[in-house]
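S.K.: Next come the chains, spelled out residue by residue.
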Amino acid sequence: MSDLSPVDGRIVNRLNAELSAIPVPPRRQTSAPRAVRTRRLSIAAAVLAFVLLPVGIVVAQGGLANVIPVFIRQPLEGLRFVLTPPTTVESDAALQRLLSFPLWLPSDLPCAGPNQRIYDAGTRGASLVYQCLAVTERSSETTFRPVVDAGTLEEVSISGLPGYYYLTTVAMPTTGERQTNATLVFEREGTLVTLSPLPQHASRTAPAMLLGKADLIRIAASMTRAHAP
Amino acid sequence: MNAQEFVWPAELNDDGLYRRIFRALIAVGASADEASDALQEAYEQILRQKIPPDRIDGWLFVVAQRRWRRQRLRRRLFAPLAAARAQSVKAHEAGTVLSEVARLPMRQRQVFVARHVLGLTNDETARALGMASGTVSATNHHALQVLRERLGGDS
Numbered sequence: 001m002s003d004l005s006p007v008d009g010r011i012v013n014r015l016n017a018e019l020s021a022i023p024v025p026p027r028r029q030t031s032a033p034r035a036v037r038t039r040r041l042s043i044a045a046a047v048l049a050f051v052l053l054p055v056g057i058v059v060a061q062g063g064l065a066n067v068i069p070v071f072i073r074q075p076l077e078g079l080r081f082v083l084t085p086p087t088t089v090e091s092d093a094a095l096q097r098l099l100s101f102p103l104w105l106p107s108d109l110p111c112a113g114p115n116q117r118i119y120d121a122g123t124r125g126a127s128l129v130y131q132c133l134a135v136t137e138r139s140s141e142t143t144f145r146p147v148v149d150a151g152t153l154e155e156v157s158i159s160g161l162p163g164y165y166y167l168t169t170v171a172m173p174t175t176g177e178r179q180t181n182a183t184l185v186f187e188r189e190g191t192l193v194t195l196s197p198l199p200q201h202a203s204r205t206a207p208a209m210l211l212g213k214a215d216l217i218r219i220a221a222s223m224t225r226a227h228a229p
Numbered sequence: 001m002n003a004q005e006f007v008w009p010a011e012l013n014d015d016g017l018y019r020r021i022f023r024a025l026i027a028v029g030a031s032a033d034e035a036s037d038a039l040q041e042a043y044e045q046i047l048r049q050k051i052p053p054d055r056i057d058g059w060l061f062v063v064a065q066r067r068w069r070r071q072r073l074r075r076r077l078f079a080p081l082a083a084a085r086a087q088s089v090k091a092h093e094a095g096t097v098l099s100e101v102a103r104l105p106m107r108q109r110q111v112f113v114a115r116h117v118l119g120l121t122n123d124e125t126a127r128a129l130g131m132a133s134g135t136v137s138a139t140n141h142h143a144l145q146v147l148r149e150r151l152g153g154d155s
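In order, the protein sequences belong to chains A and B. This note's numbering numbers the first residue of the first sequence as 1 and each following residue consecutively. This note's numbering numbers the first residue of the second sequence as 1 and each following residue consecutively.
Derived by calculation from the structure, the hints in this document are not laboratory data. Misleading hints may appear alongside valid ones.
Not the full set, but computed from the structure, chain B residues with beta-carbon under 10 Å of chain A [stated by the list, open to error]:
#, residue
1, ALA27
2, GLU44
3, ILE51
4, PRO53
5, LEU144
Sample of chain B residues facing chain A (criterion: CB under 10 Å; computed from the structure) [said to hold, decoys possible]:
#, residue
6, TYR43
7, ARG48
8, LYS50
9, ILE56
10, ARG70
11, PHE112
12, HIS116
13, GLY130
14, SER133
15, LEU147
All C-beta atoms, glycine included, are put in the ideal place defined by N, C-alpha and C.
Here chain B stands alone, though its shape is the one from the complex (with noise of 0.2 Å):
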């Protein structure tokens, strides 16, 4: 497809794909508020480019995720002290699902969340992820292993 012809998807104003994006930050540990300006921020950025991604979905994913990691860490530089108190509180509830992904390695999350969150394959959870597709399946078969240790007397 030649980049100068090219015209976005309909895909793009899908408010499913922003549902879905969106929930796939927050179970890598973004905030409601966090997971909104990156997205925000990611479709700008997509919008400014010439070559379309092959998954949007895994793109917008990582790019947002990149996003909120370097407003999480700006923000934790300068915070006062008060707020970062108040940011160190946990996100979700124990016991749940959501709270025990969040306790798992960070490469661990993303492919997981990849995966079984925004239904990429373990092909396209690579490219996006910028992975060999034998890592992705590795790392997500320890995330399920260790998630199901941890939830393993109630799921």
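One chain only, chain A, in its complex shape (with noise of 0.2 Å):
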């Protein structure tokens, strides 16, 4: 520390100061008995998740068809959509001056694009749409609540990041077809990024070419952030 300057010493002096006078709630116990008896719990609650998945194989099976239906049938009262209509964006660097929060661009993509850049008003995110996938980005800073299944969601690592992947099934209204759409969610310097695998250039027999949980991974690790305007 001696190596500051006066004005840095103060800085870091006052921080210090304002840091001291948060009080520091009481240390709870840790002991290594502690940590075993965890690990007890984990394996007698995976026992009984073992126990008990037939089960859930059962209501998933026959279950799930009534629920959905239930929903469709029965729409969601008090909520209010007031639609604003999206921007499209020219460049990259255009769409970084709209946004309060870094903007991050994926590098290692196996498609073309962008192919559109939009700025969403409504929610002070950013879309960009490539040829096989959607990115959508916002401050974490803002309020949001994507929908996910708890169910389903599996916690994976970006570079050391934690980052976290989804699968969520649809049921078309009309037809009643469903689809299943995966996610990747993950945070970097304050923005939330979400990649969608997209099905547009992949041919409805050939399912295994859209992009699937290691790609995802793959192309999150090689965003870089966009050039400062």
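Hints given; two lone chains; assemble the complex.
M.R.: Structure representation (structure tokens):
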């Protein structure tokens, strides 16, 4: 700390003084036996889950088909949607200028694009649409609540940082056809990034061509910041 | 030192160490509850380690911070709308050094806090955060430069 200039030293001292004024809650006791107990509890929970899994599968196979139409027949009341037309933007720099958070761009994509860059004033977010991927970004400081299924949520690591991968199945109200969408969501320097594979480039007979979990993680790891305007 | 003969040093039970890392977590942006939970998990994790880290404080800071960011992301994904709104309220008063540190990019915040709140050296910070020593030095320089500019008038 001796290499600090007087001004820098004052800043550091002020920071430490402000931190000292924050009350520190008493430390909880931690011991190795407690860690062992936690591990035993985890094993017991895993055994219980293994026993209950067949029941869950039966419910999923027979029960969900009855549950989903109920939500479709009874629309939620009290929700009002205000549609703000999104703005199409010509360049990455122009899109970055509209945003209050860093914009991230994939550099390792197996397809062309972006075909569209969209700024949504309603959510103050950005979307980039590539031939095989939709990237949605917004400030992680703003209020949001994505619809996810907690049951399928899977923790993943992207260059050492946490992320979540999940699958959502949607039943089309008119046809009843079901579609399963994969999503990878992670946070980077104040930006919440959501990656969703798009099926346009793949034929219906070759679903294996869709981007999988490993592809999404690779693309997420390759994302770099857009150049500041 | 043989890992099997290793006995955790009394430093791990030192309340001063706990307070220092707790404050470092607050400085990088965690709330008091988040810092307390994350630090608790980091302490539990360090007790399961077979090989001791070279700097206990640096290790606990990095692991607790990782835990905090994971918890925060998860909480934001599942929080009810009202709770998410409450969380988005800024934790620190405007004009304080803490509020200005909170506006720094995460990497600059981590380096600045590791150097000046935890008191790690350049090399120790580099090892703890998995960065090159030169990058730590440059990042710390940039962080101080930004803080000087923003707080220049009243520091």
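S.K.: With reference to the structure, classify each hint as holding or not holding.
M.R.: Hint-by-hint comparison with the structure:
| no. | hint | result |
| --- | --- | --- |
| 1 | ALA27 | holds (6 Å) |
| 2 | GLU44 | holds (5 Å) |
| 3 | ILE51 | violated (16 Å) |
| 4 | PRO53 | violated (16 Å) |
| 5 | LEU144 | holds (5 Å) |
| 6 | TYR43 | holds (4 Å) |
| 7 | ARG48 | holds (6 Å) |
| 8 | LYS50 | violated (12 Å) |
| 9 | ILE56 | violated (13 Å) |
| 10 | ARG70 | holds (4 Å) |
| 11 | PHE112 | holds (9 Å) |
| 12 | HIS116 | holds (5 Å) |
| 13 | GLY130 | holds (7 Å) |
| 14 | SER133 | violated (14 Å) |
| 15 | LEU147 | holds (5 Å) |
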